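Reconstruct the complex from the two isolated chains, following the hints.
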Amino acid sequence: MKHVIPRLFRERYGKILGKEKNIFIEYCQKPLRKSIRINELKADVDDVIKRLSSYGWKLEKIPWTKAGYWVSYPEGEQVGNTLEHFMGYYYVQEAASMIPPILLDPDESDKILDMAAAPGSKTSQLADTMKNNGTIIANDVSIERIKVLRFNLEKLGVMNTIISRMDGRSFSRFENKFDAVMLDAPCSSEGIIRKDWKALSKWSIRFIMGMSYLQKQLISAAVSATKKGGVIVYSTCTLAPEENEEVIDYAVKNFGLKVEKVRPKALKFRKGIREWKGKKYDKEVENALRIWPHDNDTEGFFVAKLRKV
Amino acid sequence: MFKKLNEIEISGIIKYLDKRFGIDSSVFNKFKFFISGKKIWITPKSLDENLVKREESVGLMFMRIEKNERIKLSTNAAQIFGRYATKNVVELNNQQLYEALRGLDITVDEDSTEDGYVLLKYQNDVLGIGQKRGSFVKNMIPKARRIKKF
Numbered sequence: 001m002k003h004v005i006p007r008l009f010r011e012r013y014g015k016i017l018g019k020e021k022n023i024f025i026e027y028c029q030k031p032l033r034k035s036i037r038i039n040e041l042k043a044d045v046d047d048v049i050k051r052l053s054s055y056g057w058k059l060e061k062i063p064w065t066k067a068g069y070w071v072s073y074p075e076g077e078q079v080g081n082t083l084e085h086f087m088g089y090y091y092v093q094e095a096a097s098m099i100p101p102i103l104l105d106p107d108e109s110d111k112i113l114d115m116a117a118a119p120g121s122k123t124s125q126l127a128d129t130m131k132n133n134g135t136i137i138a139n140d141v142s143i144e145r146i147k148v149l150r151f152n153l154e155k156l157g158v159m160n161t162i163i164s165r166m167d168g169r170s171f172s173r174f175e176n177k178f179d180a181v182m183l184d185a186p187c188s189s190e191g192i193i194r195k196d197w198k199a200l201s202k203w204s205i206r207f208i209m210g211m212s213y214l215q216k217q218l219i220s221a222a223v224s225a226t227k228k229g230g231v232i233v234y235s236t237c238t239l240a241p242e243e244n245e246e247v248i249d250y251a252v253k254n255f256g257l258k259v260e261k262v263r264p265k266a267l268k269f270r271k272g273i274r275e276w277k278g279k280k281y282d283k284e285v286e287n288a289l290r291i292w293p294h295d296n297d298t299e300g301f302f303v304a305k306l307r308k309v
Numbered sequence: 001m002f003k004k005l006n007e008i009e010i011s012g013i014i015k016y017l018d019k020r021f022g023i024d025s026s027v028f029n030k031f032k033f034f035i036s037g038k039k040i041w042i043t044p045k046s047l048d049e050n051l052v053k054r055e056e057s058v059g060l061m062f063m064r065i066e067k068n069e070r071i072k073l074s075t076n077a078a079q080i081f082g083r084y085a086t087k088n089v090v091e092l093n094n095q096q097l098y099e100a101l102r103g104l105d106i107t108v109d110e111d112s113t114e115d116g117y118v119l120l121k122y123q124n125d126v127l128g129i130g131q132k133r134g135s136f137v138k139n140m141i142p143k144a145r146r147i148k149k150f
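Taken in order, these protein sequences are the chains called A and B.
For the first sequence, the numbering used here begins at 1 and goes up steadily by one.
For the second sequence, the numbering used here begins at 1 and goes up steadily by one.
Simulated from the structure, these hints should not be mistaken for laboratory data.
Check before you lean on any hint, since a few could be wrong.
Unchecked claim - Below, computed lysine to any residue pairings styled on SDA-like, alpha-carbon distance capped at 20 Å:
id, chain 1, residue 1, chain 2, residue 2
1, A, Lys-261, A, Lys-271
2, A, Lys-258, A, Glu-286
3, B, Lys-30, A, Glu-40
4, A, Lys-147, B, Ala-144
5, A, Lys-228, A, Lys-261
6, B, Lys-53, A, Glu-175
Here the structure is a predicted model, which means the values were calculated and not measured.
Isolated chain B (complex conformation) (with noise of 0.2 Å):
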């Protein structure tokens, strides 16, 4: 069951990844998101979310709402909005980018990003999310997205 969520919803979300991405809330405005279980989509405004009744999903599967109300960005979701991004960002070399690929924890020098959630980027890309503790970033990619042989 997808349910819609509402203007006070939609805010609680953009202001989290203001607040720790600092990514500007015009980049959502043409956007729409739904809920189902523990997990946020999100869809163009313009889609018709009435034409079928009982959908398998809706969108883009966009964050997950974890334990004690954390909410994590999807992969998929990080590499579309990434881009937007202003802060905690790991800009990786050419050697994490192989250790990230294939799914393997990254260590980091110091930087400025914060413990928690960061958005690991390659060059122009966003790959995707990391957990940051000190210097350790554990993966967070999913396996089936993973390279073997990168």
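Bound-form chain A, shown alone (with noise of 0.2 Å):
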């Protein structure tokens, strides 16, 4: 079945992409690939596709990672059901929030923060990469949403990862602290539609405006927190430019950081856009990654790396 897109989302998003618009809303509308991130805290990457192949899986390498499959598998199973899920051997994860901690390339004695960390698939992705060893404050607002990020972590074999539950904008304070942030931001959600429809149920101009301003206040807060020369990793899965080009652009003009040209491996991304609604951005905005969902069939999806000078 066919889910009804308001007037005004394809409106906004036909001033982008032109003629490209039609096949915007064609993949907005496709069901999401699965795709599962070996976990290398527990298990050995070529071990789990051999066992999940001997059960008919069929895994297909996402070529921007280390250890993501696309996956099918035969009808009447589900990702969740098998031992290696149950052990921690993979997780279910969408194949473009394996970006971020990709880009983020923690050393292994590093101090992060991720600040808006359930339910934990990139501080999970993050420790991994850590092999386990530095630290990460793996931040949440919600008890409820912290019970999940525990809960996955510890499946996960994540040992160093302390949990706080604080408002991510009061960071603000922990002056030069961290190594790196990771501020993967709540936002309006466009770019998930394809996996939950739900998240169009609240769209509107005005909460993509709300999210907006939160956004900023938390990439003020992110800044103070990472020390000079430290990394910034920011993301949404939202398209709106209010809540991606907009937010790096204040973080640019507001406290002078640099946006990494960054170009993970046979990745279809655009460049950040320049002007929206009358706004113009700063040209450093344009060294940020806009993922359509028929760029490279996946969520919709937005990232920027960003240095402190």
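See the structure below:
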């Protein structure tokens, strides 16, 4: 069944995409491909592939990742009903959402803040890259989301993490404490409608503007908490320029951040846009990655790697 | 409130794991431990516990102190460190695996394991903890981890 997409939503993205709008809308209505990330904290990649293949699963490498795979499996099976999933040998994670930890690229000794960490996909991916060394502060504001975060981290064998429950904005007090900050910001979630159609139920311009205001406060706190020379990776699962390029533009103009030019392997992406609704954005914003659902058959996503200079 | 355990407290834990499961103490050389209420948590030594003041959790919940000072390894800790165990490991067959993952209790044949906490292992995977009494093993895998349709 095809869902109805609001007229205003179509019009907004028609302004950016032009003739491509139709294929974008078509992909918004297609179900999302299932993908997993093999958890090297507990398992060997080749071994997990071998085991899942023996159940009749087909695995296709996600080219921009180290251990991410699109999967398909025999009818009637479910992605989470295997011994390997029970053991935490893999985690069900959307292919585009694996990009921010890859861009953050932590060292094993780093002190990292994951400001809005639940449900823990990116935290656990960071811990995997750090081989369970260093320190990650995995923060979330909601006690309910923290329960899910803790469950997932512990199942995946993550040990280098302290979970905290604070309003992300209060990290402005933690001046120059962290080598890097991951800010996967709360957002209007336009990009995930392929897996959760309800995301559009609260969609409105007013909601987007409210999110944009919050995101600017969160990125301000992230800048404060990052050491000079450190990295902030900002991401959202939305396509709204107010929540993406506008927030990056705000950080560049107010804090003098640089946006690094990053190019994940074999990932199709667009540059950040320079102008939206009469607002002109700094040239640095072009270095961000805008990922449309039809570019790589993923959810819609936005990510930028910023350097505090 | 999380308090870091001192060397004497840590040696008590390590001795228990050696005595009960034959896990060599050197396995824990790179880790430190914290206590909060009745729960003991494990982290790598490299973790900086002073970054934030009010933590919800520190590292991975390792074990719980029960009545009569008994201690029970958590499912997640058993999955990670159980591979180093040399005793009190119940090897499951396919039918017992099915029962264990669905949360059912298990009946085992006579084996060399002692009554009390045992590790449940299927081939190379340690699934978690069970509590053995004779041929009966009570399934201690948390409800949230079980697979209803395995």
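Now the hints, each set against the structure:
For the proposed pair A/Lys-261 and A/Lys-271, the alpha carbon gap of about 10 Å is at most 20 Å, so the pair holds. For the suggested pair A/Lys-258 and A/Glu-286, the alpha carbons sit about 11 Å apart, so the restraint of at most 20 Å is met. With a C-alpha separation of about 18 Å, the suggested pairing of B/Lys-30 with A/Glu-40 holds against the 20 Å cut-off. For the given pair, A/Lys-147 sits about 12 Å from B/Ala-144 by alpha-carbon distance, which is consistent with the 20 Å threshold.
This hinted pair checks out: A/Lys-228 and A/Lys-261 have alpha carbons roughly 19 Å apart, not beyond 20 Å. Between the alpha carbons of B/Lys-53 and A/Glu-175 the distance comes to roughly 15 Å, so the proposed pair stays at or under 20 Å and holds.
Checked against the numbered hints above, the structure violates none of them.
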